[in-house]
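Enquirer: Here is what each chain is made of, one letter per residue.
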Amino acid sequence: MIFIGLLLILLAVAGAPLFAVIGASTMWGFSTSDVDLSVVAIELYRIAEMPILLAIPLFTFAGYLLSESGAPQRLVRVTRALIGWMPGGLAIVALAACAFFTAFTGASGVTIIALGALLYPALLEDGYSESFSLGLVTTSGSLGLLFAPSLPLILYGIVAQQAGADVSIDRLFIAGALPGLLMLLLLGGWSVWTNRHNRVPLANFSGRELLAALRVSIWDIPLPLIVLGGIYSGYFAVSEAATVTAVYVLVVVVFILREIPLRDLPGIVHKSMGLVGGIMLILGLSLASTTYMIDAGVPTRLFGFVREYVSSPLTFLLLLNLFLLVLGAILDIFSALILVVPLILPMALGFGIDPIHLGIIFLANMQLGYLTPPVGLNLFISGYRFDKPIATIYRSTVPFFLVLLFCVVVITYWPALSLWLIGG
Amino acid sequence: MNQSLQTFFVRLRRFGCRCEDTLLCLLLALMLGLGTLQIVQRNLSGGSFVWTDEFLRILVLWLAMVGAVAASRDDRHIVIDLLGRFLPPRTAQVVRLVVDLFTVGVCLLLAWHAGRFVWMEHEYGSQLLGSLPAWPFQAVMPVAFVIIAYRYTLFFYKHLQQLRQPGGSL
Numbered sequence: 001m002i003f004i005g006l007l008l009i010l011l012a013v014a015g016a017p018l019f020a021v022i023g024a025s026t027m028w029g030f031s032t033s034d035v036d037l038s039v040v041a042i043e044l045y046r047i048a049e050m051p052i053l054l055a056i057p058l059f060t061f062a063g064y065l066l067s068e069s070g071a072p073q074r075l076v077r078v079t080r081a082l083i084g085w086m087p088g089g090l091a092i093v094a095l096a097a098c099a100f101f102t103a104f105t106g107a108s109g110v111t112i113i114a115l116g117a118l119l120y121p122a123l124l125e126d127g128y129s130e131s132f133s134l135g136l137v138t139t140s141g142s143l144g145l146l147f148a149p150s151l152p153l154i155l156y157g158i159v160a161q162q163a164g165a166d167v168s169i170d171r172l173f174i175a176g177a178l179p180g181l182l183m184l185l186l187l188g189g190w191s192v193w194t195n196r197h198n199r200v201p202l203a204n205f206s207g208r209e210l211l212a213a214l215r216v217s218i219w220d221i222p223l224p225l226i227v228l229g230g231i232y233s234g235y236f237a238v239s240e241a242a243t244v245t246a247v248y249v250l251v252v253v254v255f256i257l258r259e260i261p262l263r264d265l266p267g268i269v270h271k272s273m274g275l276v277g278g279i280m281l282i283l284g285l286s287l288a289s290t291t292y293m294i295d296a297g298v299p300t301r302l303f304g305f306v307r308e309y310v311s312s313p314l315t316f317l318l319l320l321n322l323f324l325l326v327l328g329a330i331l332d333i334f335s336a337l338i339l340v341v342p343l344i345l346p347m348a349l350g351f352g353i354d355p356i357h358l359g360i361i362f363l364a365n366m367q368l369g370y371l372t373p374p375v376g377l378n379l380f381i382s383g384y385r386f387d388k389p390i391a392t393i394y395r396s397t398v399p400f401f402l403v404l405l406f407c408v409v410v411i412t413y414w415p416a417l418s419l420w421l422i423g424g
Numbered sequence: 001m002n003q004s005l006q007t008f009f010v011r012l013r014r015f016g017c018r019c020e021d022t023l024l025c026l027l028l029a030l031m032l033g034l035g036t037l038q039i040v041q042r043n044l045s046g047g048s049f050v051w052t053d054e055f056l057r058i059l060v061l062w063l064a065m066v067g068a069v070a071a072s073r074d075d076r077h078i079v080i081d082l083l084g085r086f087l088p089p090r091t092a093q094v095v096r097l098v099v100d101l102f103t104v105g106v107c108l109l110l111a112w113h114a115g116r117f118v119w120m121e122h123e124y125g126s127q128l129l130g131s132l133p134a135w136p137f138q139a140v141m142p143v144a145f146v147i148i149a150y151r152y153t154l155f156f157y158k159h160l161q162q163l164r165q166p167g168g169s170l
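Chains as they are written, first to last, in our numbering: chain A, 1 to 424; chain B, 1 to 170.
Chain B extracted, bound-state conformation:
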């Protein structure tokens, strides 16, 4: 890879990580603030805003999806990995490439179908939180899958490079 392209990817990664962390902090802060407000309101006046519950639940979805993106940053998704311990290093590297490709494929498929769902909701004019369109809130699903697919593409590339180096190991 040439130098400037590499710099571009390093910068892109740094920018992405910062966005991710900021978004996660914002979402969590909102959740904590709103949750506290709800408890206080319940104790003072016996009620809370009509939209609080619904909004909190949407925040959970967002935290889950952005969290899933965050987990893919350092390849920390939950795995079983029984085989890896018993395979010779070279074979394990090849298996790893297959696994990366498989993950990219599944994520792209999921992104495509989630995208279609969001599009249908857009066409249908679904609403939430009173009268807001639902689709921007749902769009987090396909976007997250695209980013996860991108991350695993990078892993694939990285592992391919390692395989090419003589004697390289994962």
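Chain A extracted, bound-state conformation:
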């Protein structure tokens, strides 16, 4: 039994598709307990029983369209006109624009590709050091995970609901706001402080440029208003908001602004749905593996085991942070959510941790994981995009990593930050 488990882990780290590893372990688990293996298909079919899943393909599609359109340029221009005049202006522009963009496109590295390419040269031009600029752009790639309507937040809600916790996605969206702002504020503050001797010529605030920037973005501005307004006011369900986003972006980018020719659409659909298929297949197969693990009492036994060594919630949270940090460095955020949340959620509940708070901790930790070697995804995307060795990229992100680490600690040990707005 241990032998097969080890073999599967070995195959996973050797680069076998994760869905195959999960599929194999689930089938093997069920077959040892003499359950008919068609149960795997029955569980997979549950993908067609969760209305909220509609949000995943639609938001992903909208995100891919946005990143291939002129929206990144326009976003940078508007943000620059708005706050570029402040000290450390462009650094803050980068943080704000990236956070906003990531919230809307999910965290699949598109932010570094789409926005980093614009911001990195601009930062260098404004006199920021190469290391600072690289670090900033790499870090910003995963900023915004905690803001609605980010895909990881939605996915956490889905997985937690499947694991039996009462977690509404609307409440998650609200809970993420303050912790997300904390990250933005501290990173922004650090950027300003570290560049205080760097006499970057301050840009003047220009009403005319702002007006011009807004005019160019006239079609983009309603999108966040409709989506966020719709979700927060309760007018749209999350899946409806996803539909509206996808249709709106499609119409604006393809038919009104004509930035993406119609003939390029199949390629974008193929790319975005490939990602969706990859995530959903893992999700569907782990629905089966979760069922198996719950039948076999794995979460309960795991909780019992941890309980023997860990008595206080604080110690549990500390261990959780360490565990998630390592996890985030090895697994991408979607697989990590799908595979690990069903296991740690019952434990966290046992220690009296609010499931919504757990979600925020989880995502904040994962965000750090993007910057953690050896496999932190942002490091690689950035290295590839800016043609720099991974070691250089890694060194440049260290100060940002430390700031974010401090945020994660605050978020973890101060539940009220996440729960205050939802009255928890």
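Each hint should be verified, as a subset may be incorrect.
Not everything, but these chain A residues come out facing chain B in the computed CB check (under 7 Å) [unchecked claim]:
#1 Glu240
#2 Val247
#3 Val276
#4 Leu281
#5 Ser335
A few chain B residues facing chain A, derived, Cβ under 8 Å [as the list claims (entries may be wrong)]:
#6 Leu24
#7 Ile39
#8 Arg57
#9 Val60
#10 Val66
#11 Arg76
#12 Phe102
#13 Cys107
Stretches of chain A that chain B covers, calculated by requiring three or more beta carbons in the stretch to come under 8 Å of a beta carbon on chain B [claimed, not checked]:
#14 34-43
#15 54-63
Calculated from the structure, these hints are not laboratory results.
Keep in mind that this is a model prediction, so the values were computed, not measured.
Ideal placement from N, C-alpha and C gives every residue a C-beta, glycine not left out.
Fit chain B to the known structure of chain A by using the hints.
Expert: Below, chain B alone, put in the same frame as chain A:
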């Protein structure tokens, strides 16, 4: 491989890719259209067709499965691949062959059991969307797994060829 067989595979791939892209676009367009219609209906009359919700959910399953097939086209499935970075190239190539074979095996098993599930639903006469038989909608699962298995068989063959070339690397 002889010339005509190779041409056949190239053509088959092109045809398959085109079918895949068309199907994905159709599914997504249907989803967008139906989703919009539902919102409009809710605002105008306060209701929508009884079958809209169910049909949208089936579309999600189809998009997921066809999307998974699409991801296998360029070997873009989510992997951890920790080991590959540290292995010498030759060993990495051999490991890659094992991984390909493993994936083919798992996909075939999944296809077999999903196929049995669809067959049982057929025998049982399950229905959805009012009175339509459920099994054709569910059949996307085994079919997708068979195609993914086929793709990884091709990867296996490709990697085997590379291994045979002296000094070839992945």
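Enquirer: Answer holds if the nearest beta-carbon of chain A is closer than 8 Å to that of Ile39 of chain B; otherwise answer violated.
Expert: OK, holds: Ile39 of chain B within 8 Å of chain A, min 6 Å.
Enquirer: With a cut-off of 7 Å, does the beta carbon of Ser335 of chain A approach a beta carbon of chain B closely enough for the hint to hold?
Expert: holds (6 Å)
Enquirer: Tell me if the interface restraint on Cys107 of chain B is satisfied: Cβ within less than 8 Å of some Cβ in chain A.
Expert: This interface hint holds because 7 Å falls under the 8 Å limit.
Enquirer: Three residues minimum, CB to CB under 8 Å: does the region 54-63 of chain A make the cut for coverage by chain B? Let me know.
Expert: With 5 residues in contact (Cβ-Cβ under 8 Å with chain B), the coverage given for the region 54-63 of chain A holds.
Enquirer: Tell me if Leu24 of chain B is really an interface residue toward chain A, meaning its C-beta lies closer than 8 Å to one of theirs.
Expert: holds (5 Å)
Enquirer: Taking the least C-beta to C-beta distance, is Val247 of chain A closer than 7 Å to chain B?
Expert: holds (5 Å)
Enquirer: Regarding the hint that Val66 of chain B lies at the interface with chain A, is the smallest CB-CB distance below 8 Å?
Expert: holds (7 Å)
Enquirer: With a cut-off of 8 Å between beta carbons, are at least three residues of the region 34-43 of chain A near chain B?
Expert: n = 5 at 8 Å, threshold three: holds.
Enquirer: Restraint: Val60 of chain B near chain A, CB-CB cut 8 Å. Satisfied or not?
Expert: holds (5 Å)
Enquirer: Using 8 Å as the Cβ threshold, decide whether Phe102 of chain B counts as touching chain A.
Expert: holds (6 Å)
Enquirer: Closer than 8 Å between Cβ atoms is the bar; does Arg57 of chain B clear it against chain A? Give me holds or violated.
Expert: holds (5 Å)
Enquirer: Double-check Glu240 of chain A for me: the hint is only fine if its C-beta lies closer than 7 Å to a C-beta in chain B.
Expert: Where the cut-off is 7 Å and the nearest Cβ of chain B is about 6 Å from Glu240 of chain A, the hint holds.
Checked against the numbered hints listed earlier, the structure breaks none of them; every hint is satisfied.
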